[in-house]
Structures are given as structure tokens and as C-alpha cells.
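K.L.:
One line per chain: the protein sequences are X and S, in this order. Residues in the first sequence are numbered from 30 upward in steps of one, following the numbering used here. Residues in the second sequence are numbered from 571 upward in steps of one, following the numbering used here.
For the record, the hints were derived by calculation from the structure and aren't laboratory data. Just to be clear, a hint being listed does not mean it is correct.
[To be verified] In silico lysine-lysine, DSS-like type, Cα no more than 30 Å apart, as pairs: (1) K166/X x K745/S; (2) K914/S x K830/S; (3) K115/X x K745/S; (4) K109/X x K838/S; (5) K608/S x K178/X; (6) K134/X x K838/S; (7) K172/X x K745/S; (8) K197/X x K745/S; (9) K855/S x K115/X; (10) K841/S x K859/S; (11) K172/X x K830/S; (12) K830/S x K109/X; (13) K115/X x K841/S; (14) K745/S x K178/X; (15) K830/S x K115/X; (16) K115/X x K149/X; (17) K855/S x K918/S; (18) K134/X x K830/S; (19) K608/S x K115/X; (20) K918/S x K115/X; (21) K914/S x K859/S; (22) K787/S x K168/X; (23) K168/X x K745/S; (24) K798/S x K830/S; (25) K914/S x K109/X.
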Amino acid sequence: MTEEIIIAGFGGQGVLSMGKILAYSGIMEDQEVSWMPSYGPEMRGGTANVTVILSDEPISSPIINRFDTAIILNQQSMDKFEDSVKPGGLLLYDGNGITRHPERKDIRVYRVDAAEEAAKMESSRIFNMIVLGGFLKVKPLVKIENVRKGIAESLPERHHGLIPLNEKAVLRGMEIVKQVFEPDSK
Amino acid sequence: MKGNEAIAEAAIRAGADAYFGYPITPQSEILEYLMAEKPHERTGMVVLQAESEIAAINMVYGGAACGRKVITSSSSPGISLKQEGLSYIAGSELPCVVVNVVRGGPGLGTIQPAQSDYFQAVKGGGHGDYRLIVLAPQSVQEMADFVDLGFELAFRYRNPVMILTDGALGQMMEKVWLQEQKPRMTIFPDWATTGKTPDRERNVITSLDLDSAEQEKFNLKLQNKYRKLEAEEVRFEHTDTEDAEYLLVAYGTSARICQKSVRLARDKGIKAGLLRPVTLFPFPKKPLKELAAKVKGILAVEMSTGQMVEDVRLAVEGKVQVEHYGRMGGIIPTPEEIVDAIGKNFLK
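Please construct the entire structure, taking both the sequences and the accompanying hints into account.
P.N.:
Encoded structure:
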């Protein structure tokens, strides 16, 4: 199994840390992982994205441009990455601020309204964990207890009090994610 | 762990005595990690942010002259500033490890990854007839491993070692196994300037000799050392070369991407293979020459306009068609692009 994932959105949405938690969770499952961020001036308030690969085998190229999964968190990223999902792959997005919804009919499309849910839960900082939960519901690549370990591993110790809230957010994401389109369910 | 952090932690565990550096993207995490980790409390290692790259490399020169394990790091524009110091260090035959997390150039260029400092790294870089031992990691694991290997080679040959990596490897995270803590040295090499004792002559570290005959003799000595490196320290890896018809040659990040290209090409029925130089100096000339006799074409893949390709051509001595494929300015080629380049160059 190799899963090639791009997570893309605005800087500040927790794109990079979500990728990091996913990668750490993969390590807890004894998978090979790579985490390759976009870095540079575009991160300051602009777009941010990270490529995460989880695999049973050693990872060849950490740099790829076709993905099994694209997790899209803003319109710019939708425009940029919708076409890079492999046929049969998954596009998961947050509908907040999306003006042009995904159009492809050869990929699985799911939606998780994490921004809205985070507002309801009164913490914008857990937005990314709601998204992660949505993703893991559709593709259960790592076990929830390993996600917990992944969160613990990537949060500095002084923030370990936030682990339960983050975990709750992951579970909430699993509940609210909804199918928009499945190629074979026409 | 990020590649940059792996280098920093590996330096502590290799028993380094000091790191001197100056921040520059995309390698600032090395200095940041060392500052946060406070290695002075762990091993006594000194970490110092110098006032400039030039100051940092001269601190390395001083530390190395005392026989200490000293390391510095920077990225392309900063490495250019260090060239004078590097030439002096090579001319004084001193060991040290210098990390170049390459970004696109020339000039300030970009902060995105590139491999356009190949010439500077393998052909000398500063003035005078000298070489660095150049190691090219392709993973976060090797970023860590090559620090200790670098020190080992640097001390064995009394020669500066460069770890030539790039922004992609510096910024990416992968799993990494770190070696156990090595103790710092307590006995120093006999050439080190550790204070004269009555039982020996004064040790002198200098790169200056105004006697031309002596200077020529010294240059020949250096050349002998480089020939010995070429005979004994060439490192490389190959993937799927046994039956390959088309050979990719790539190092570092490009080599990682090419591994995937080899698989994609083979899925399409193109028999591709990969030779990956691990040491860029000494360059794996012999294995390349041997493979050149067996393949129909060689494609050198680099994130530059074509630098290593010159060494590939020299190695194969015209026996086979050698082409170059590269992206520059901070753009990383995709595995698919490289497969297309094999097609365009050799399968018309």
C-alpha cells in the first residue's frame, strides 16, 4: 500500500501540522513516511501545501505531482490541485469559501465542513483535526489510537492538555464528512 | 525529523566540538535546532552564531587547526562567502564538515531547492588547486549518517568535506535512525596546534609557502591525496542497471525522483536504470564507464542547467550518447517529466 496525499490551503489553517500528525501517525503504524512542505514567501498569509506519503515500502520520490488523495481547503488550491488527483482517487474539501465545486466525474469527492464545525466547537485551532477525521473516515489508513499518539508526538509538551480536544475534533470530523460523488454509484 | 534537524542532531551525536554558522533559508533549522537543544549541556559542544558566514568559516579554520571536530552550514550565497576560508582550510590540510543546503542561483536567486552549486562543490570553489570530498545524501537518514561519515573522512584525509544537499531534503521530514552518542575526542591528532610541549617540534598550520619549489611539492602532495581518494573512497548506488538500456545518472533529491522514474519507465516497457553517485568528488567514473559499454543512452538529471553531466561525459569518454535533463530556479522535476525526457532524447 502506498498513499500519496496533498493537503493544500491557506497558511494558518494548520495544513503543515495536519500533515505532520498524519505522518507521525503513520510512523506509529510502522509505515514508511515522508512529509514534504512547500516553503517560502508564499507561506506568509498565502497558500500552503504539504505532500505526505504513507507506504509499506521504502518511498522513492517524496516529490510527486499526481495524488491518491487531495485535501483541499481553499479555492486557489481547488483550482490548482483538482486535476492532479489520480483517476479513482479521492478529493476531500471544506466547502467554506469554495465558489467553484469539484467537477471531475472520475474521482471520489467528499466534503467536510470543518470551518463551520470548528466555529460550533468554539475553537478554530482544531479545524485541521476535523478535516483529518473526515479523511480517515473515508480512508482509514491509520488507527485512531495511533492518531492520538501522532498528535502527542507533534504537539510540544506544554500543549498536551489539548490532546483530548484534538481527538474529539478528529472523531467529530468522522461523523460530519459526507459523500458528494462516487464514480461507481451513478 | 526534518533533514536540517537530522544534520544538527547528528553533529551532536558524532561528538562534534563546535558548530559555527550564520542563518540563511533553507537551512536555518540547523542553527535553530542546535540553539534549542543546548548541546553544551549534553556534550560540551560549542554552538555559536557568528556575525557573518566569513567569520563562521574562519572560526571553523581555527577550531580545525586545534584538531577539533568542527562543522558549519549555510546555503548557496552563504557558501560563496565561505570560499576563501575553504581554500585556506584545504591549503592547510585541515579536517572539517561544511553543509551546503543548496538553493537556486545565481546571486540571491531563490530560496527553493536546486543543484546548481555542483561545479563550486566538486571543482574546488575557491582559488587554488584543491578539492573537497563531496557527499550527496538523498534522504533524511543520509543527512544524519553523512555527518559522522564526513568527520571520519575529513580526519582520515586531513581534508574538508562538503555535504552537498538541497532545500527539499533540508525541509522534508522522514523517519530517521540516529546513532548512539559518540564521546568527544580527548586525544588530538599529532599535527594539531594544541600547545607546544618540550618533547616535540612546534606544529605550524599555514597555507603559505613562498618557496616555489616547496609550494609545487605541496601541490603534488595534495594531488596524490586526491588520487588516493579516487582510488579508495568512491561511493555509489545503482538501481535496475543489470538489464538497463537507458541509464539515468542523478544524485540527491534528483536521484530520489529518478527511482520513481525508473519504475514508471519500466511500466511503460522502457528498460531504465539509475546510477546514483554518493560521492561527487571522488566521482564514480569507473562504474559509469563500465555501464556506458552496456547501455544505449545516458541521461544526467540535475536541478541545474547541466553541471554534473560534464563529469558523466568525461567518464564515458564518448562511448555512448549522454544528454542532460534539468529544471532550475527552484523547480523540482517530476518523475513523469524525466520519463518523457528519456523518450524525447533516445526513443525518437
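K.L.:
Hint by hint, say whether it matches the structure.
P.N.:
For each hint, the structure was consulted:
1. K166/X x K745/S: At roughly 25 Å apart (the allowed maximum being 30 Å), K745/S and K166/X satisfy the hint.
2. K914/S x K830/S: At roughly 18 Å apart (the allowed maximum being 30 Å), K830/S and K914/S satisfy the hint.
3. K115/X x K745/S: holds, 26 Å
4. K109/X x K838/S: Holds, at about 27 Å.
5. K608/S x K178/X: Distance ~26 Å between K608/S and K178/X Cα, so the pair holds.
6. K134/X x K838/S: It holds: about 26 Å lies between the C-alpha atoms, which stays within 30 Å.
7. K172/X x K745/S: Roughly 19 Å between the alpha carbons, so the hint for K172/X and K745/S holds.
8. K197/X x K745/S: OK: K197/X and K745/S at ~27 Å, within 30 Å.
9. K855/S x K115/X: violated, 40 Å
10. K841/S x K859/S: holds, 19 Å
11. K172/X x K830/S: holds, 28 Å
12. K830/S x K109/X: This hinted pair holds, its Cα atoms lying about 23 Å apart.
13. K115/X x K841/S: Roughly 24 Å between the alpha carbons, so the hint for K115/X and K841/S holds.
14. K745/S x K178/X: Roughly 16 Å separates the two Cα atoms, so the pair holds.
15. K830/S x K115/X: holds, 16 Å
16. K115/X x K149/X: Status violated; Cα separation ~34 Å.
17. K855/S x K918/S: holds, 28 Å
18. K134/X x K830/S: OK: K134/X and K830/S at ~28 Å, within 30 Å.
19. K608/S x K115/X: violated, 45 Å
20. K918/S x K115/X: It holds: about 28 Å lies between the C-alpha atoms, which stays within 30 Å.
21. K914/S x K859/S: This hinted pair holds, its Cα atoms lying about 23 Å apart.
22. K787/S x K168/X: At roughly 67 Å apart (the allowed maximum being 30 Å), K168/X and K787/S break the hint.
23. K168/X x K745/S: holds, 22 Å
24. K798/S x K830/S: Measuring from Cα to Cα gives roughly 34 Å; hence the hint is violated.
25. K914/S x K109/X: Roughly 27 Å separates the two Cα atoms, so the pair holds.
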